[in-house]
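*Asks:* Sequential numbering from 360 applies to the first sequence in this note's numbering.
Since the hints were derived computationally from the structure, they do not count as laboratory data. Only a predicted model underlies this, so the values are computations on that prediction, with no experimental measurement involved. Some hints here could point you the wrong way.
[Unchecked claim] Here are the simulated BS3-like pairs of lysine-lysine, each with C-alpha atoms no more than 30 Å apart in a straight line:
id, residue 1, residue 2
1, 778, 529
2, 974, 391
3, 1127, 1188
4, 554, 512
5, 824, 778
6, 631, 828
7, 817, 778
8, 1115, 1044
[Unchecked claim] Label-pair distances were calculated between CB atoms; the ranges are:
id, residue 1, residue 2, range
9, 568, 705, 17 to 25 Å
10, 1290, 390, 50 to 58 Å
11, 848, 1087, 47 to 55 Å
Ideal Cβ placement from N, Cα and C applies to all residues, glycine included.
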Amino acid sequence: MQYHPENIESKWRKNWVDTQLYKISNDSTQPKFYVLDMFPYPSGAGLHVGHPLGYIASDIFARYKRLNGFNVLHPMGYDAFGLPAEQYAIQTGVHPAVSTDENIVRYREQLDNIGFSFDWSREVKTSDPSYYKWTQWIFLQLFHHYYDQGQDKAVHIDQLIATFEAEGNKNVKAANTQDEIFTSDEWKQKTAKQKDDILMNYRLAYRKTGYVNWCEALGTVLANDEVKDGFSERGGHPVEKRAMMQWSLRITAYAERLLNDLDTLQWSDALKAMQRNWIGRSEGAQMFFDIVGHDKKLEIFTTRPDTIFGATYMVLAPEHDLVPQLTTADQKDAVEKYLEYVGSRSEIDRMAEVKEVTGVFTGAYALNPFTNKHIPIWLGEYVLKDYGTGAIMAVPSDDDRDKVFAGKFGLEIVDVVDKSDYPGATLNDKVGKIINSDFLNGMEVKDAIAEMFDRIEKLGIGSKKINYKLRDANYSRQRYWGEPFPIAYDKEGVAHALREDQLPLTLPELENFQPASGGKSPLARAEDWVGQIPDMALETDTMPGFAGSSWYFLRYMDAANENEFASKKAIDYWQDVDLYVGGTEHAVGHLMYSRTWHKFLYDLGIVPTIEPFKKLVNQGMITAYGYYAENLKFEDESSLIGNIKDFEAKQNIHVGSPIRLAYINEYLDGQNRITKGKFIEYFEKTGKQYNVIGDSTKYHWAKDENSEEYFTVNVVQEKMSKSKYNVQNPDEVVAKYGADCFRMYEMFLGPLEQSKPWDTKGIDGVQKFLRKYWSLYYNESGLNLSNDAPTAEEYKILHTAIKKISEDIERFSFNTCVSAFMVCVNELKRVECNKRQILEPLTILLAPFAPFITEELWANMGHEGSVHKAQFPHFDAKHLVQDTIEYPVSINGKKRDTIMLSAQLTQEEIQAQVMELDQVKKYVEGKEIQKVIIVLKRMVNIVVKE
RNA sequence: GCCGAAGUGGUGGAAUUGGUAGACACGCUGGACUCAAAAUCCAGUGCUAGCAAUAGUGUGUGGGUUCGAGUCCCACCUUCGGUACCA
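With the hints as constraints, model all of the structure from the sequences given.
*Replies:* What follows is the structure, encoded as structure tokens:
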């Protein structure tokens, strides 16, 4: 009997649905285990072969845990709000809800195809009002709370108001952006609007000015993704930064806890390091500099107060609030011109630029509080508004960027740190002896910093402060397809929260998804909707993508609950996620936001754990090969361009697109060349469909020694995306080879964490393995199993596999599991094993990897229940005892021979036997033996003097 | 730029704690079966020299530590992910 996956798989797929095999209960005496995948955004391109990589790994783990007696929560859902659906709606008029649902249906089919053990009764969709009701609810909690630094937790805003009523804000210790100190009486006299403004400076969800990418020509706000070099990616229109009132989340309030609690997590060191660096805690001094001729002071933050005698100028972020006031009439034109230039620059551009610094003098001077010198105030794009205070004291002698800046603009440089005692130390190292610094002279940097903290506080010009690189999260989007804010403004502009019974606030129906005038969200045009509460206007911005994805893992615990986002009982049972699998691209963004939300919910007593994801594994990305004609000509440019890199360096994206040659790989020769004949064949058969330019005069043809015309194709690895025509659909692979084969092949490709290019080259090997495995159970006439007792060798083969596979699953090394299965089946085939006592446990062992074929064989062996409800085989070490060991014998670390020896031998006995080897005699003869290193059961190394 | 990761045969990769580099596959070469093909099976396969035994060499590059380094240390190169509005 032959193995035919298509029949087997469709049969069991149906059976598992009918028997609700993967539905699990919140009511169980078994220990719980929560295995979670980062849920997908349902894009129009459907799933590609990269998506299931992590899902397969987590599915294997979930199944493995189930076989080991755990009640496993393994859900799936959709991150369904997002930009692409809205763009599609603008282009085609199809409502985002409609296209999203279509995409979800497609995703579901594709997922079902692969045989995952998801409990679909818990499916969530972030764009569903029954889901986003709770996203809005959590937002309201954030709005109603502030962060009390005394209690180190979120506290209801009513308590803060009570404090203001009683004693003003002078004793309030809270995460805030409030500058002004007021008394109880002053508070009581404030208008509703003034009170609202002050409370905004404390709320965890608050409003402040933020900057957006404004594109005048498109009349809309663009995502960073849609902006390239200051121009819109679509159309190439100029883009500028524009200030807008935006909602923000005060995640910086949680910075310290986000940092400290990393220690409790089983995440990779790399991932923790990324989070730590993102939070970017630093200790330093907050200082105020007097401004010559102004009564305002300039606030700066520095980690190097010891270098203040070298502070010869100051630099402000171009967006700094004081810029208009400080700029003198003489410098006005220059400053305005500079601001215009900076407006077109992205943050990455601004930080990445090292060779060329830019800046402009404001005309104003500050007073260095220690040297009492007038130092010029400049603007520079390398200072960012949101980092620190948006202003620095520049010490060109001890900071790389300050040095370059001073060099370019001819500013004074005073050496203040002598590093001659520390050869090899760079400017970034905080070491050396202070010089040219009055009372600090002769001190080590470390001591000088401590001394300065004291002096600054005594002089009342500042204080010691902890600063974080982490910034509050911008929470407003001027878009349609996101969660509406449950916020309405009254005539004075005071923000009022909707009541809980008014949730969910659903999106209005629209036909036109173009932005409203002034870059407002399309919601602004739904006037009835905006004005649905008398005398109030609803907020028209919507929430960002991370809103729904910051808490979805909690909803899975009790997905159908209409009264709470999840019941206390469900949350107490499932607690947190035991294993989270997803891509590194989420290493900071999503994970930081989720952790913050979770901590906030913990403060409210809603969740029992301080962290949401106990263990996290990053799967690598599956990339695709991209093919580009090496010598390009462009549609409207006649010059030849050497290669794709030169083209990209030119960044002239409006000339034409690089000539991408989709799916050309079969037509290339060994040197990645394509001949003219092959190219014509390729173009006719394949290229045409993928917008490849067919006109052969557009390509630069070289001639080889046989006068054959060809050009070379650059092969690169890149992300899979619809726009690159390199998407590989898992359905095609499943149709051809079966889901079991697809699952195992994805695992076989390489280590889960590494990124790797997709290629079906090796898939035949996995298919052969499955056929071979199947053939152990059958001969020509049918099932052929023996009930005889297995031999010692057969036991050894099985238990070697049990050990290796359990260990490798535990350490998420699934590629080596597949190899181990291959070795096991090859060996069993070699000894022609058909013993039930061997093949039965083997079937359970393989079930997490290949759920269909194992279910079929399990049933055929006469079992009533599912193999997926069986017990994982128990490893018994007694089957692996080895009595002989093959020792490698090296002379000076170089292997010269091997020898089989009894495992019982002592070091002396081994040495005696090894010395008798011909190879050893040959190399040792006439030389002095200095040392013989014997590691029992491992190796022998003889060290001789040459 | 900054933060993080990865570089091993023709290809994907293995080597878990510093101890036989290349497991397991793909591909390729030769053979068996066959009228033939597919499928299957057997043998070989890092590179160089050699009929062979064998020798030399070999884990991105250059140094170092060690009896012994793919693995540890230092410096560098290349590629990939993130860089706060793609998700």
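*Asks:* If a hint holds in the structure, say so; if it doesn't, say that too.
*Replies:* Structure-based check of each hint:
| no. | hint | verdict |
| --- | --- | --- |
| 1 | 778 - 529 | 44 Å, violated |
| 2 | 974 - 391 | 15 Å, holds |
| 3 | 1127 - 1188 | 13 Å, holds |
| 4 | 554 - 512 | 23 Å, holds |
| 5 | 824 - 778 | 27 Å, holds |
| 6 | 631 - 828 | 16 Å, holds |
| 7 | 817 - 778 | 29 Å, holds |
| 8 | 1115 - 1044 | 28 Å, holds |
| 9 | 568 - 705: 17 to 25 Å | 19 Å, holds |
| 10 | 1290 - 390: 50 to 58 Å | 52 Å, holds |
| 11 | 848 - 1087: 47 to 55 Å | 49 Å, holds |
Hint 1 from the list above is the single one not met by this structure.
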